[in-house]
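Chains A and B are the protein sequences, given in the same order.
Going by this note's numbering, the first sequence opens with residue 248, and the numbers climb by one from there.
Going by this note's numbering, the second sequence opens with residue 322, and the numbers climb by one from there.
The hints are simulated quantities; they were obtained by calculation from the structure and are not laboratory data.
Do not take every clue at face value.
Derived coverage of chain A by chain B (criterion: at least 3 residues anywhere in the stretch with Cβ under 8 Å from a Cβ of chain B; other residues may be distant) [to be verified]:
no., region
1, 260-267
2, 303-315
3, 443-449
In the DSSO-like style, the derived pairs of lysine-lysine whose C-alpha atoms are separated by at most 27 Å in a straight line are [to be verified]:
no., chain 1, residue 1, chain 2, residue 2
4, B, K351, B, K370
5, A, K457, B, K351
6, A, K442, B, K370
7, A, K311, A, K322
No experiment lies behind these values; they were computed from the predicted model shown.
All residues carry an ideal CB built from backbone N, CA and C; glycine is no exception.
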Amino acid sequence: MSETYNIEKVKERISHIEDILASVAAGDMDARVNSETEDDLSGIEAAIDLLIDDLTDELKQREKMQKEVEDKLIKIQEQQKTIFQQQADLMELSSPVSKVWDNTLILPVIGTLDSQRTQIMMENLLEKIVETGCTISILDITGVPTVDTQVANHLLKTVTSARLLGAECIISGISPAIAQTIVHLGIDLSSIRTKATLQDAMIYAMKQNKLSENVKLQTLFTNPDENED
Amino acid sequence: MNTELHEKRIPIIKIGNFLIVSIQVDMHDKLAIQLQSQILEEIEKTGAKGVLIDISVLEMVDSFIGRMLSGMASMASIMDAAVVIVGMQPAVAITLVELGLEMPGVDTALNMEKGMEMLERRIKDEDYKLY
């Protein structure tokens, strides 16, 4: 009689353990078996309680770590955003085209050139030529340490595109190293007007302006009829 | 088809010694060929010394149109007329250079006014050489 009672009791306790495990599995980490009696089964019950404790700790730690990782990720994303922004700013800052004299634009280039940068420079310069209507532009590469084939090609393309728009593009400040590279690479710069220094380029531009102005004056002088119109 | 092309004829205006062609519509190949012969006929008829082709409205120039333009410059120069291409857009210039069409023999100007000056100067120079 007592045995059957015991079995009933044991069944009850086992089902209690099952319930507790089920609620733990469902996410309730506060559930414990908490057995009051002292027998063989209570050892298992205590062990299960201990396991649940450990599991709770593990889960808490994992959550903490996950949060940390997420925070770090957000931080990194923000940093990346800043880097992209700065890169864009640098690109804009790195190719300032300014009008320095009547009819004369200047584009000083400082630092190493890569394809992307030369591309942006080229676009900026052409846009500015159309915007200001300047017919002479000076590309000053005094501050450029080295060029490679691609960059030299881009420079050539810039000069040719400027010519197609109807403007002349002068390259000034070619350093000995760049001159050597260009000749070694077999790039023909003979069709492009190059000047030793920015000063020489400016003098050339001014002379060129004076020349076209003189021609304009001559035209006015020799065609008084057109002048009256 | 013919009438359609006829409607889209690009006007060629004669001012003084020059012909002015302002391309205001998107060029397609047939129109380009038509324009080429039209301009050459007009040069013959009027004895113009210069042709100004304004392409400032053209957003896109393909290799065919590019070749047509540079071809026209050499054809006109054989007929003793200088061709100046006026107002090319930066994007078009970049495209042409990327396509390898650098148009070595063609004169270009930023705008109509500068193109006109250029032609006047050129004619003056030639007159000067003659006398």
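The hints, checked one at a time:
With 0 residues having a Cβ less than 8 Å from any Cβ of chain B, the region 260-267 of chain A misses the three-residue criterion, and the hint is violated. Closer than 8 Å: that is the beta-carbon criterion, and the region 303-315 of chain A has 0 residues meeting it against chain B, so the requirement of 3 is violated. Counting residues of the region 443-449 of chain A whose beta carbon lies closer than 8 Å to any beta carbon of chain B gives 0, which falls below the threshold of three, so the coverage claim is violated. Restraint check: the Cα-Cα separation between B/K351 and B/K370 comes to about 26 Å, which is no more than 27 Å; the hinted pair holds.
Simply put, A/K457 and B/K351 have alpha-carbon atoms about 44 Å apart, too far for the 27 Å limit, and the pair is violated. A distance of roughly 35 Å separates the Cα atoms of A/K442 and B/K370; the hinted pair therefore is violated under the 27 Å criterion. For the suggested pair A/K311 and A/K322, the alpha carbons sit about 17 Å apart, so the restraint of at most 27 Å is met.
Of the numbered hints listed earlier, those contradicted by the structure are 1, 2, 3, 5, 6.
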